[in-house]
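Trainee: Note that the protein sequences, when read in sequence, are chains F and P. Quick note, the first sequence lines up with residues 1 to 311 if you use this note's numbering. Quick note, the second sequence lines up with residues 1 to 311 if you use this note's numbering.
Fair warning: there could be bad hints in the mix.
To be verified - Here are the simulated EDC-like pairs of lysine to aspartate or glutamate, each with C-alpha atoms no more than 20 Å apart in a straight line:
no. : chain 1 : residue 1 : chain 2 : residue 2
1   : P       : K268      : F       : E56
2   : F       : K185      : P       : E282
3   : F       : K268      : P       : D86
4   : P       : K76       : P       : D97
5   : F       : K185      : P       : D86
6   : P       : K267      : P       : E306
By construction, these hints were calculated from the structure, which means they are not laboratory data.
Protein chains: 2
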Amino acid sequence: MAITVVGSVAFDTVETPSGRIDRCLAGAATYFSLAASYFTDVRVVAVVGEDFTNKEQAVFDARGIDTRGVERAPGKSFFWVGSYLDNLNEAKTMQTDLNVFASFEPKVPEAYQDSEFLFLANIDPVLQKRVRDAMPKVKLVGGDTMNYWINDHRENLLKVLQGLDILLINDTETKLLAGHRNPVKAAQDVLGLGPKALVVKHGEYGATAFFGTRSFNQGGLDAHHPFRAPALPLAEVVDPTGAGDSFAGGFFGYIASQPELTPAVFKKAMFYGGVMGSFTVEHFGTERLQHLTREEIEERFAIFRELTHLD
Amino acid sequence: MAITVVGSVAFDTVETPSGRIDRCLAGAATYFSLAASYFTDVRVVAVVGEDFTNKEQAVFDARGIDTRGVERAPGKSFFWVGSYLDNLNEAKTMQTDLNVFASFEPKVPEAYQDSEFLFLANIDPVLQKRVRDAMPKVKLVGGDTMNYWINDHRENLLKVLQGLDILLINDTETKLLAGHRNPVKAAQDVLGLGPKALVVKHGEYGATAFFGTRSFNQGGLDAHHPFRAPALPLAEVVDPTGAGDSFAGGFFGYIASQPELTPAVFKKAMFYGGVMGSFTVEHFGTERLQHLTREEIEERFAIFRELTHLD
Numbered sequence: 001m002a003i004t005v006v007g008s009v010a011f012d013t014v015e016t017p018s019g020r021i022d023r024c025l026a027g028a029a030t031y032f033s034l035a036a037s038y039f040t041d042v043r044v045v046a047v048v049g050e051d052f053t054n055k056e057q058a059v060f061d062a063r064g065i066d067t068r069g070v071e072r073a074p075g076k077s078f079f080w081v082g083s084y085l086d087n088l089n090e091a092k093t094m095q096t097d098l099n100v101f102a103s104f105e106p107k108v109p110e111a112y113q114d115s116e117f118l119f120l121a122n123i124d125p126v127l128q129k130r131v132r133d134a135m136p137k138v139k140l141v142g143g144d145t146m147n148y149w150i151n152d153h154r155e156n157l158l159k160v161l162q163g164l165d166i167l168l169i170n171d172t173e174t175k176l177l178a179g180h181r182n183p184v185k186a187a188q189d190v191l192g193l194g195p196k197a198l199v200v201k202h203g204e205y206g207a208t209a210f211f212g213t214r215s216f217n218q219g220g221l222d223a224h225h226p227f228r229a230p231a232l233p234l235a236e237v238v239d240p241t242g243a244g245d246s247f248a249g250g251f252f253g254y255i256a257s258q259p260e261l262t263p264a265v266f267k268k269a270m271f272y273g274g275v276m277g278s279f280t281v282e283h284f285g286t287e288r289l290q291h292l293t294r295e296e297i298e299e300r301f302a303i304f305r306e307l308t309h310l311d
Numbered sequence: 001m002a003i004t005v006v007g008s009v010a011f012d013t014v015e016t017p018s019g020r021i022d023r024c025l026a027g028a029a030t031y032f033s034l035a036a037s038y039f040t041d042v043r044v045v046a047v048v049g050e051d052f053t054n055k056e057q058a059v060f061d062a063r064g065i066d067t068r069g070v071e072r073a074p075g076k077s078f079f080w081v082g083s084y085l086d087n088l089n090e091a092k093t094m095q096t097d098l099n100v101f102a103s104f105e106p107k108v109p110e111a112y113q114d115s116e117f118l119f120l121a122n123i124d125p126v127l128q129k130r131v132r133d134a135m136p137k138v139k140l141v142g143g144d145t146m147n148y149w150i151n152d153h154r155e156n157l158l159k160v161l162q163g164l165d166i167l168l169i170n171d172t173e174t175k176l177l178a179g180h181r182n183p184v185k186a187a188q189d190v191l192g193l194g195p196k197a198l199v200v201k202h203g204e205y206g207a208t209a210f211f212g213t214r215s216f217n218q219g220g221l222d223a224h225h226p227f228r229a230p231a232l233p234l235a236e237v238v239d240p241t242g243a244g245d246s247f248a249g250g251f252f253g254y255i256a257s258q259p260e261l262t263p264a265v266f267k268k269a270m271f272y273g274g275v276m277g278s279f280t281v282e283h284f285g286t287e288r289l290q291h292l293t294r295e296e297i298e299e300r301f302a303i304f305r306e307l308t309h310l311d
């Protein structure tokens with residue numbers, strides 16, 4: 001079953017203790033769609049500028065990702081410069097040029113309308129809501145956001161959350177959204193805002209899923225215990241950029257590849273999310289995600305299982 | 001098989017967002033021995049003052065803990081005042097009175113000499129080494145330490161680490177001991193200092209075990225993958241004091257209760273460690289640890305399994 005994702009397709013310049021990469025293909029929708037492409041069909045809604053060339057297009061084509069919803073606009077693509085020299089767990093933004101993204105009006109191609117899944121990557125909640133409303137037939141909607149939208153665009157964000165099935169955010173964002181420091185109470189507060197499930201990402205410590213009292217159409221996940229998936233302890237994190245978007249891509253990609261969203265599928269999806277995130281951070285940008293095999297993914301899944309299972 | 005533990009038996013005054021408790025029975029050896037007592041025989045080496053009354057003695061007696069190695073000295077017991085009002089994950093020390101602990105000369109009773117296990121709780125590494133040397137027949141030695149000893153008594157601490165089988169410390173202590181920020185490389189560095197296994201505690205995120213190239217006498221845990229055990233997401237952490245010592249008590253207590261230290265036993269011990277830590281933080285001081293049942297422990301173990309296992 002196909003997933004449509006809306007979000008940024010961008011260029012990043014990143015410096016980390018391992019080195020530096022200039023203007024690499026990046027953006028939340030890029031990480032998400034590459035990660036999800038190993039599991040299911042992916043369709044992208046985004047905008048790029050004239051600096052998006054055949055070389056970048058070829059990355060999407062090689063993974064069979066549908067880019068008919070990627071608009072080409074005059075000007076330059078979204079550009080971000082970040083540094084992890086001080087802290088590998090948190091990027092310091094040095095420069096953000098919205099460029100063509102500043103006037104982005106997402107248009108969903110008619111051919112995307114039979115997508116069963118929709119992922120609203122981290123962009124202006126007004127745009128998230130517009131894409132959600134433009135795809136009334138989707139069965140499951142996931143989303144991400146960030147501190148900026150939580151702090152300064154809360155009303156708009158709350159409208160998005162009301163229509164979400166699964167929200168994927170990190171610890172800091174969860175506490176900020178909830179106004180509560182205890183992780184369980186914060187999760188309960190966020191679930192009260194609309195999402196049926198909340199996946200809280202803990203960086204190097206993995207992720208925890210919390211479930212609300214409303215059930216999914218497809219499964220029986222209501223009033224469920226939380227579930228915790230690990231991250232892989234890595235001897236070198238080359239570039240953490242995109243780990244969260246890759247997690248989301250692996251997570252939703254796996255769910256979309258299964259006939260039904262059962263509790264067992266949800267749990268395995270958390271593991272696949274961690275697996276895809278662990279690959280991403282091993283190289284700069286989307287390099288590692290571009291050339292994986294399903295065998296490598298399954299091998300790492302087995303390591304994640306061994307890392308956490310008693311038998 | 002019996003465990004001997006050396007460490008502090010103390011009184012704590014603690015304030016947390018949930019309230020305040022004055023002069024409650026505490027100390028690393030107290031938390032450790034109470035937690036371990038649900039699994040195996042425990043013997044304590046410590047010193048207390050005249051403020052340690054029949055009431056405190058009764059707590060140890062009720063759990064069948066051998067206190068023949070707890071010396072009664074003139075003066076007051078070790079006393080600590082800590083606050084978690086600013087940060088529930090890290091205590092702010094308001095007052096430390098070593099009292100009788102300042103001149104502590106641990107003496108191991110002859111009756112303890114057949115203990116197969118020894119745990120060196122967080123005290124001066126000179127004392128840890130002395131107790132280790134006084135018990136040449138033990139088969140497995142575990143230990144803990146803290147920033148102060150790592151920073152200011154490093155040479156003495158290194159002598160202790162050389163003779164350790166399993167070291168249990170937290171993330172910060174691991175990085176400080178290794179001088180490395182990457183968690184995997186830091187763990188490898190610490191394993192190079194002597195311990196055959198390192199259990200790194202992550203607070204609310206659980207704990208990860210790393211294994212060195214030297215094997216255990218009893219098992220085949222060399223060159224093993226890391227193993228990660230969860231912590232239970234709790235809606236209220238009343239008092240985090242002693243969570244790490246309770247983890248160590250559950251961990252070593254379970255190992256000591258088993259005929260052989262296999263990889264399967266090591267992994268289950270990590271889970272029992274997390275279980276005992278999760279009980280401790282639910283109430284102030286050692287209150288919760290004093291009145292558990294094995295059934296409650298097994299029920300929570302089952303929750304920990306459900307929290308992490310795919311099937």
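Trainee: Compare the structure with each hint and give your call.
Mentor: Evaluation of the provided hints:
{"no.": "1", "hint": "P:K268 to F:E56", "result": "48 Å, violated"}
{"no.": "2", "hint": "F:K185 to P:E282", "result": "15 Å, holds"}
{"no.": "3", "hint": "F:K268 to P:D86", "result": "37 Å, violated"}
{"no.": "4", "hint": "P:K76 to P:D97", "result": "9 Å, holds"}
{"no.": "5", "hint": "F:K185 to P:D86", "result": "18 Å, holds"}
{"no.": "6", "hint": "P:K267 to P:E306", "result": "15 Å, holds"}
Hint violations for this structure: numbers 1, 3, all remaining hints satisfied.
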